[in-house]
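Visitor: Numbering (my numbering), first residue to last: 1066 to 1324.
Mixed in with the good hints there might be a few duds.
Stated by the list, open to error - Between beta-carbon pairs, the in silico distance windows are:
#1 S1250 x T1204: 20 to 28 Å
#2 R1319 x S1238: 39 to 47 Å
#3 V1316 x E1152: 39 to 47 Å
#4 R1306 x D1247: 30 to 38 Å
#5 A1296 x Q1320: 44 to 52 Å
Everything labelled a hint here was simulated from the structure, so no lab data went into it. Note that the coordinates shown come from a computational prediction; the quantities given were computed from them, not determined experimentally. Positions of the beta carbon are idealized from the N, C-alpha and C atoms, including for glycine.
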Amino acid sequence: MALNTAAVRRDLPYLRRRVTPAGPENAAAEPVSTRSTDTASPSRGLSLGAPVSSATALASNRRPSRPRQPEPFTAPTIDEVRELGGEHPVLRLDARRSAIGSLIVSGAYAIAWESSTRVTGALTLTSSALESVGTSVMTGGNRALVGFDDGDAIVALRHLHELRRALFVGNGSEPLGIQLFDGSSFTVPADAPPAGAATGAATGTAAGSRMLALTLLRVNAFIELRAEPVARGLTPAELHREFGYQLTAHVDPRQPRMR
1066 MALNTAAVRR
1076 DLPYLRRRVT
1086 PAGPENAAAE
1096 PVSTRSTDTA
1106 SPSRGLSLGA
1116 PVSSATALAS
1126 NRRPSRPRQP
1136 EPFTAPTIDE
1146 VRELGGEHPV
1156 LRLDARRSAI
1166 GSLIVSGAYA
1176 IAWESSTRVT
1186 GALTLTSSAL
1196 ESVGTSVMTG
1206 GNRALVGFDD
1216 GDAIVALRHL
1226 HELRRALFVG
1236 NGSEPLGIQL
1246 FDGSSFTVPA
1256 DAPPAGAATG
1266 AATGTAAGSR
1276 MLALTLLRVN
1286 AFIELRAEPV
1296 ARGLTPAELH
1306 REFGYQLTAH
1316 VDPRQPRMR
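All chains, please: the whole structure from these sequences, using the hints.
Guide: Here's what the structure looks like:
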């Protein structure tokens, strides 16, 4: 870069270099003050409130903690229950078994589901076809969140966060069988125990007026399974209403059109 070798303009006072006037000679010989031996506390500035302790100040600088969700009530595990209903009407899976593989329910002929976004649907196996009502929920892998596969009801546990609850209903003559990826299993008997029966008095020999259905509920990251008594002879639509399933109307996707 070229240097500016032009002479200093003397006719422009604001371009002249200002010279700082030198102080008096005795100012250089000013005696050095000795440091006081008294230790003064550093100034904290103006404070209009009460003194705050260091522990309180540290706590106030921390981020507010996220409110903890209440813990679910104590329930037996699948290792403790072999038959759901009567003595043990409910069990809860641990986080590992709730999120790996698939939950397989054999013996069910009607299922219903409700996603975490309140999308509901239902499937019913008939002798001739598979009847579908409501709206199906597909996962990211183009797989049904809850559906039938070779006569068994399947729940894709890998996408459990997308599911809120589900219902599985048998034909009333055969028990429901539930199996997990690690071989853990239990059954739900077909007949509901009579009302007021003593604990441990399981299913009777003769078919009563009520049977057991299986409900699935997601509680945070856990699956809660419960055997619910229902009246025999109810249609799938009546069962949906009894458990509060309001089926979402299915709308076929349409391609956008320009006019």
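Visitor: All hints, please: hold or fail.
Guide: Hints, verified against the model:
no.	hint	verdict
1	S1250 x T1204: 20 to 28 Å	24 Å, holds
2	R1319 x S1238: 39 to 47 Å	44 Å, holds
3	V1316 x E1152: 39 to 47 Å	45 Å, holds
4	R1306 x D1247: 30 to 38 Å	36 Å, holds
5	A1296 x Q1320: 44 to 52 Å	45 Å, holds
Hint check: no violations occur; every hint is consistent with the structure.
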